[in-house]
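Undergrad: Given these sequences and hints, build the entire structure.
Here is what each chain is made of, one letter per residue.
Number of protein chains: 2
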Amino acid sequence: MHQPRFSAIYRVRCDPSVIEAKAQAIAIEQSVEMPLSAIDDESILRDIAGTVDSIDELGKNLFEIHIGLSVATVGGDAGQLLNMAFGNTSLHEDVVLHDLVLPDALEESFGGPRCGLPGLRERLGLPVRAFTCSALKPQGLSSDRLADLAERFALGGIDFIKDDHGIADQACARFAERVSAVAAAVRRAVGATGHATRYVPNLSGDLCQMQRQLRIVQDEGLEAVLVSPMLAGVATLRALVRDWPNIIFFAHPTLGGAARISPDLLFGRLFRLFGADAVIFPHFGGRFGYSPDTCRRLARNALAPNPRLRASVPVAAGGMTAERVPEILDFYGTDVMLLLGGSLLQARERLTDVTRAFTGTVARYP
Amino acid sequence: MHQPRFSAIYRVRCDPSVIEAKAQAIAIEQSVEMPLSAIDDESILRDIAGTVDSIDELGKNLFEIHIGLSVATVGGDAGQLLNMAFGNTSLHEDVVLHDLVLPDALEESFGGPRCGLPGLRERLGLPVRAFTCSALKPQGLSSDRLADLAERFALGGIDFIKDDHGIADQACARFAERVSAVAAAVRRAVGATGHATRYVPNLSGDLCQMQRQLRIVQDEGLEAVLVSPMLAGVATLRALVRDWPNIIFFAHPTLGGAARISPDLLFGRLFRLFGADAVIFPHFGGRFGYSPDTCRRLARNALAPNPRLRASVPVAAGGMTAERVPEILDFYGTDVMLLLGGSLLQARERLTDVTRAFTGTVARYP
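Protein chains in written order, with this note's numbering: chain A, 29 to 394; chain B, 29 to 394.
Check before you lean on any hint, since a few could be wrong.
Same chains, same names: a pair is fine if it fits in one copy or spans any two.
[Claimed, not checked] Below, in silico cross-link-like pairs of lysine to any residue (SDA-like), each with a Cα-Cα straight-line distance of 25 Å or less: (1) K88 x R328; (2) K88 x D321; (3) K88 x G347; (4) K88 x T322; (5) K88 x A49; (6) K88 x D176; (7) K88 x A375; (8) K88 x S35; (9) K88 x R384; (10) K88 x L331; (11) K88 x H30.
By construction, these hints were calculated from the structure, which means they are not laboratory data.
TA: Now the structure itself:
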């Protein structure tokens, strides 16, 4: 009889004396957003108002609460799922959105990646080994300079070359000009190596601008793009995935503000749910402070077998070095993509050589 | 000779021994995102790489740092401004984006609200007094029930009636059906009161869906809509403001806490910069933990005289009650909109009476 629910799991820091009131306040804030006493409709109290399903003490002044929320309120919209799960509650400093438990039908309605890990393995003809990726930077280079870098990366046999996420549609390297120049450079290198390196341009602006950028991507015969869902809006990612089923979508974590939504949920599960084929995140021990546990959970979430959602490829990034490749592969296994940017660019004139060493290490592993 | 810069101001929590290294790391992360030693282009080191302009100790293990970033990297895109100001650095738990100092030309290129406070005062014929607003909720009600509520609010002489931000395009009250029903109900009430109450439907989904929703809004003769920029993406807000110059845009703060951007900057300055005519935020002492200082700074940012940007109307909300109206007006003055939702709805059958008391208090103030 009851309408379907999903479960939002929060970690709350507060005094034990107020946790019950806080849990009830969150249940209301994330659903009807008004005093229950002011609601006279029984079906809303029963089906729509959030419910406090459990409160567990995890440690001193730290609680985990499970709140039941109505699936009907999501209305099939990705932004609305984030809105109902964490919208106004994100304004509270003492609450973190820790996890979501979604019913099968809701997962199925979003549908996840169109290509994902299995599609990438098939399209690249790489059934087992890890994928390799690097980044064009710094921002500010001209299209020709970026194209030159891309050619040298591609000559090193790398699988994917993405734009830095800070490279948008700027005067120094306009999207159309840059994508054309880099695509041509990569085609030349592919002709020389025989290895099908793929260029991954970064989309920016609003949805209409991104649609125009994707038409350029398609005209250049490219297969993959980079999107930043927390900048663009998760509904924008969903719209692109729906409209471009043959494009491989990389999701970038920028503005992910991961202190408040747990990164294994946001990048590992939600970006996958909304259709990202590959999800970039900072591996531990680089420039960002994620723990090994967070990285492991994130990768597991991206890969977890799910009859309704293809796996997303976890892309470990953020200050990785070539020396760490075996260690990283030991940690994740080979269902992973390794993204090395600055550490390869630091080799300057030896860029192609160090790239070749990197791709060779990955190919020979273990 | 130097290319124009904007300044990003961060608050960083760390040991004094590492603040210089952290500041330099943020300057690089938010610009070239690679070791400076790997960059051989002098113009990029000079014009594009971020600069640490100052480091000040605010208290024990708390620092304020000013980082200079290149205006050219923004490329006129709202999402890209957030990306350059806080993208990857949002992933660090110990850094908050505290403020931005933007050159005049950059402000001018975004342009701010098309209508804003002066436009609202003119269109509503209200040169002095504060504006009043309420909210349709709970989510889950049918279009007819929401229309009935709206009619009773409008009979109380309120200026704006917005959808709750959780009311999207759900099966229980589809956007087209709801907007049509509520608009008709408000028209009936306006015919009775002579006061031009305006209904503010909530847009949701991706940019294309929002454009379709705006065509319905226009067809119904409505003048205002609600958008959630942190869900939809700030570039989506910009695109809508550009395409619909006669529509009044209310911005909702939902999901605005997740990225740890100071609320007076995000809601007061950035939402204004990107074109929001009215910015909703939680007033202190309601359901959210903002301090009086934060609220005062936020309202001042929205209103600060600026020859390039019209003022946005600060909309104080989040658990306000009618009893607090004089106190809130004493605090903000009358360049404000007061949003009372649940506390009016709690009156149930007396909804129109308490709404009339609320609008009367505001009209008679001081």
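Undergrad: So which of the earlier hints does this model not fit?
TA: 1, 3, 6, 7, 9, 10 and 11
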